[in-house]
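S.K.: We have chain A already, so just place chains B and C on it with the hints.
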Amino acid sequence: MTDTVVAGTADGRSLWATAILRLRRNRAAVASLVVIVVLALAAMAGPPLLPHGYSDVYREFVRVSPSLRPYPMADQIEPAAAATLRRAHVEVTDIVVSGREVSIKVNSDREIDPRLARYVDRSDIFSGARVEVSDDGRSAVITADVVSLYFVMGTDANGRDLLARILVSLRISMLIGVLATVVALTIGVIYGATAGFIGGRLDAVMMRFVDVLYALPYIFFVILLVVFFGQNLVLMFLAVGAVEWLDMARIVRGQTLSLRRREFVQAAEALGASSLALIRRHIIPNTLGTVVIYMTLLVPKVILLESFLSFLGLGVQEPLSSLGVLIADGANNMRSAGYMLFWPAAAMVVLLFALNFLGDGLRDALDPKDR
Amino acid sequence: MRPSFLTVFAVLTFCCGTAFAETLSRGLPNNVEALDPHRAQLSSDADVLRDLFEGLVVHDAQANVIPGVATEWVVSEDGTLYTFTLREDSRWSNGDPITSEDFVYSFRRLMDPATAATVPDLFFPILNSEAVNGGELPVEELGVRAPDATTLEIELQAPTPYFLDLLTFMAALPVHRPSVEEFGNAFVRPENMVTNGAYTLVENVVNQGVVLEKSETFHAADSVDVETVEYISFEDAATCVRGFEAGEVMTCADLPPEDTKRLQAEYGDAVRITPSMRAHSIVFNLDSETLQDSEVRRALSMAIDREFLAEEIFAGTMVPNYKLVVPGVNNYPTGSPDVDYESMSLLDREDLAMEIMADRGFSTDTPVTLQLAYYERDNERSFVTAIADMWAPLGVELELIVRDLSAHYSHLAETSDYDFARVSWIADYPDPQNFLYQHLSSTIAWNYANYRNAEFDALMDQAARTSDLSKRSQLLQDAEGLLLRDLPFAPVMISAQTELVSPRIEGWEDNSLSVNPSRFIRLTDG
Amino acid sequence: MLVYTIRRVVGAIPTILIVVTLAFFMMRIAPGGPFDRGRPMDPTVLANLDATFGFDEPLWRQYLIYLVNLAQGDMGPSFIYRDQRVAEIIGSGLPVSMLLGGLALTLAVLLGPTLGSLAALRQNSISDYAVSSVATFGITIPNFVAAPILSLVFGVMLGWLPAQGWGDWRQLILPIVALSLPFVAIIARLTRGAMIEALRSDHVRTARAYGLPAHTVVLKHALRAAFLPVAGYLGPAAASLLTGSIVIEQVFNLPGIGRHFVQGAINRDYTLVMGTVVVIAVFVVLFNLMVDLLYSVLDPRVRYD
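Chains as they are written, first to last, in my numbering: chain A, 1 to 371; chain B, 1 to 526; chain C, 1 to 305.
Bound-form chain A, shown alone (with noise of 0.2 Å):
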């Protein structure tokens, strides 16, 4: 045998049905696939499902630490409730709390207004305030229910559950990675293939083009873009597929280099197929391989990649996010709030195993020797 690969082989079977049936029988690419549909569905279907939302603002919890435990905490409610009714003009004397319930005693010279009850009550942490006032009017004892909030993976600088906004994250990195990419591959792909197959001028053109973007200040295209086209999602696609289908181009265009001399591609040639078909049925499936390998290397840097746009004012905004912005900010806070760091990163590093793993089960499937 040669070095021969034809899509679609003697016995019949395309070579992507052949992959999908190798790609069943290793067991680390079917994890890796459940971990990402998982993934997905989550990020789908989950922000909704969650007790916050991921926009919902807990201004007395900013920056709190995970906890399985539903805060407000045991030593948080008195000072909590002090403070609510710090602006209502009347002398705390005793706070009470018992389990999820507190009562308070209070003093004024003034008359006590019972409607005292809609300071407690526009707190976010109390709910259900009953005022007793007593006789003489100068004194009251107001009751409320605690509420429990669960932040099971901390809050962020603005008192927002970092879970929520993990899978809110999740939703739109995820969404960049696969269209970015595959916008990213295709022109890759395509453009590398073409330029080292036809070679000689044309090959040097298309190359000083992809020099000429390389070294191109890229923030200044993301300012122009943000300028002309305003904000806008698939602006961001857009932008983040032009610059990183570079590497890919030149990445197929040396293996395509490589492959074109082979004599299984000359022999098809001197067979009379076309150039179109070479590209397509000999080149390209050749060089899936390195391909696939790389589009797993590039899927974390356009997730991260976003981050940057959105801090240029291209991509996504306040109050959306995505794990890229998640990181930034946590990698800012990582001193004091580790969990920030954390969370999102462990989301990431989750993600980009899996995708690894189920493109080395991919790149061993297409493998066309492995036939």
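A few of these clues could be false.
To be verified - With a straight-line Cα cutoff of 25 Å, these simulated DMTMM-like cross-link-like pairs (lysine to aspartate or glutamate) come out:
#, chain 1, residue 1, chain 2, residue 2
1, B, 323, B, 428
2, A, 105, A, 121
3, B, 261, A, 75
4, B, 323, B, 378
5, A, 105, B, 348
6, B, 261, A, 78
7, C, 220, A, 263
8, B, 323, B, 468
9, B, 261, A, 60
Claimed, not checked - Beyond 10 Å from chain A on every Cβ pair, some chain B residues (computed):
#, residue
10, 323
11, 389
12, 430
13, 525
Since the hints were made in silico from the structure, they are not lab data.
For clarity, every value in this text was computed on a predicted model and none was experimentally measured.
All residues carry an ideal CB built from backbone N, CA and C; glycine is no exception.
M.R.: Just chains B and C now, with coordinates in the frame of chain A:
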């Protein structure tokens, strides 16, 4: 003390890699951009220039104005003529004497259009300066004269009570004429630079920093303790903090807000938090339909929970602010007028604000969507997110538009395509006028709110012509009152300058101008 | 080959010209300018600055003036570092970036293929998974997270190495590690994939069948073939490594030129950004040429004619 012992000691400390005892390493929050006093702009530049040069008057460790090259000065009755007497023992670092001609030359260079100085406009109070800078008059017409070698006269257009404060600014520093004429722009290179301050320049590398060495020709050299000062530029404050913790840097400025509480817990008094002269606010574009109504603007300003922003979002590195003029300015005995809602409880304020908005048909059920333009930096994103949350109950849904700093400010200056905009203003000099003049109708370029009020203009104009300080203060207070009534923007917070200062440093006095000349600093072993 | 090389070097000039032209107009169309920095400028002062820097000329004239100066090796004054010329700033920063980048590149080129081959030779073994996992971490954890952690752990907590700064060889270690990490990871993964393919190819099988020693087969034949995709990636990677990294330079406070590309753009320091753009363009062209020549060394079938 025997010299041999000293030498051995010096060699020992040097060989073993511990910090060189006489070197003070100061972390700067930015790059040093320029060391030409007339072309410099940043506070980092000012820090270094303060050590290199001495002006007519200078700041002491507490940022009080004290004599510099001038030992005394007389101000004429009408406040428009300053006569300075220069000290006779003042020398440039190459030994040349400093004369009043040096200052005449320097002020002319500052105003010369060919110099293209960065902020000569601060000195436009000097007679004819604006015309000179605009190229309409020759530099010789500038109101700065040298009747003799030790006398300098500066004539002003109008009384300017903050003129001495202005003279501490870097643009008023003298440059050495022979070296400027010989080397042109390259006079600031270490091998060419001649200075008259406590230090001379040894090294200056972009992105790295500046090294200074004590000048022996400085008239007060005996009182200068630190031999070598190393200024290290840090674009990333977290890096400076790590350097400080690893014992590589002795001071850091502009600490990362999210890290401040941890640093306070770990380093206690080494963390210095001092209210500064940088005011943060949200501009209301008066050309925006919804915001034309001053009651709407009042409601929005009222609903901002400034304590939450200062304490939680900026972790105590900001101070809530309701006024235009920040506390700590000079020449303002009357102080700012009161703001009625400052003393109200937040809940009452929110209720009142919702009521005002509801009267105009805005509520959570019938919200209006407005755009807030902001720039990417530090905690800005958290800040505007919190604002959006505070205004949501009023029926205002914010669309947040971020740009990089340069694009943001050019967008504000060139378009009116925003409803709200995030701005901050650092005082150039501690005078109330510096916080008010942006709102004059005539200052189109940076009147981002597009505010026009003839009454305000008239008050400001009158204040500018008044030499009596208490009358002037009253006029400025009335002017500030108008702005607080009309609210072309909502004052929100004042930055606190946050610094890490090693316990080894003595003589570092916290002050609202963040002025800490190295010549007043002593290094101890502690 | 020589003719090809000469043709490519000559061909670099129009490439760089196009880069300069596009970059010039992109920067100038973008909103904001070097003097929009929060403190608004007085119109008189601004007019003087504009006149000094030639901003009062029509854009096309400014472009031509810039080109003429550039052709004479003058990259103009910096708009932000007002005392200095762009050439001076780049002259002081480039050696720093090149030293760091060069060492990081060496590390990546040595370590990446070694790890990748190791994994490929023992496919699906523990060492394969270990390499894969480390590589995945290297790719996933961005350098703005990895670099501060390195500085924190080794500089602040353990005190083994300086946490930041420039001037001593010990200050090079952490930045180089942080800088090379993602490149090691990417090269290792690319090598592993290509190596597995190469090991199964006919000529390696043939070589093995001839009884050549295993290491000869791996080194001479398989690795050579496997290096092809790595080489394609290496050109631009080397160019970007040698021209500095904004994150690493900021986190370790190093005086390289990587920061000017981004910080200069944020400051709208047009000439400084253009200076770095020219440097980057030269490096990209140079390294891509080297890689193209390398292709024909790695695979003699590749010819340029």
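S.K.: If a hint holds in the structure, say so; if it does not, say that too.
M.R.: Evaluated hints:
A distance of roughly 18 Å separates the Cα atoms of residue 323 (chain B) and residue 428 (chain B); the hinted pair therefore holds under the 25 Å criterion. Straight-line distance between C-alpha atoms of residue 105 (chain A) and residue 121 (chain A) comes to about 16 Å, which keeps the hinted pair within the 25 Å bound. For the hint pairing residue 261 (chain B) with residue 75 (chain A), the CA-to-CA distance comes to about 20 Å; that is within 25 Å, so the pair holds. For the suggested pair residue 323 (chain B) and residue 378 (chain B), the alpha carbons sit about 24 Å apart, so the restraint of at most 25 Å is met.
Taking the CA atoms of residue 105 (chain A) and residue 348 (chain B), the gap is near 22 Å; set against the 25 Å cutoff, the hint holds. The straight-line distance between the Cα atoms of residue 261 (chain B) and residue 78 (chain A) is roughly 22 Å, inside the 25 Å bound, and the hint therefore holds. Taking the CA atoms of residue 220 (chain C) and residue 263 (chain A), the gap is near 21 Å; set against the 25 Å cutoff, the hint holds. Restraint check for residue 323 (chain B) and residue 468 (chain B): the C-alpha separation of about 24 Å stays at or below 25 Å, so the hint holds.
This hinted pair checks out: residue 261 (chain B) and residue 60 (chain A) have alpha carbons roughly 17 Å apart, not beyond 25 Å. No beta-carbon of chain A comes within 10 Å of the beta-carbon of residue 323 (chain B); the shortest separation is about 22 Å. Against the 10 Å criterion, residue 389 (chain B) falls within the reach of chain A, whose nearest CB is about 4 Å from its own CB. For residue 430 (chain B), the shortest C-beta to C-beta distance to chain A comes to about 32 Å, beyond the 10 Å cut-off, and the non-interface label holds.
Separation of residue 525 (chain B) from chain A is adequate, the least Cβ-Cβ distance of about 28 Å exceeding the 10 Å criterion.
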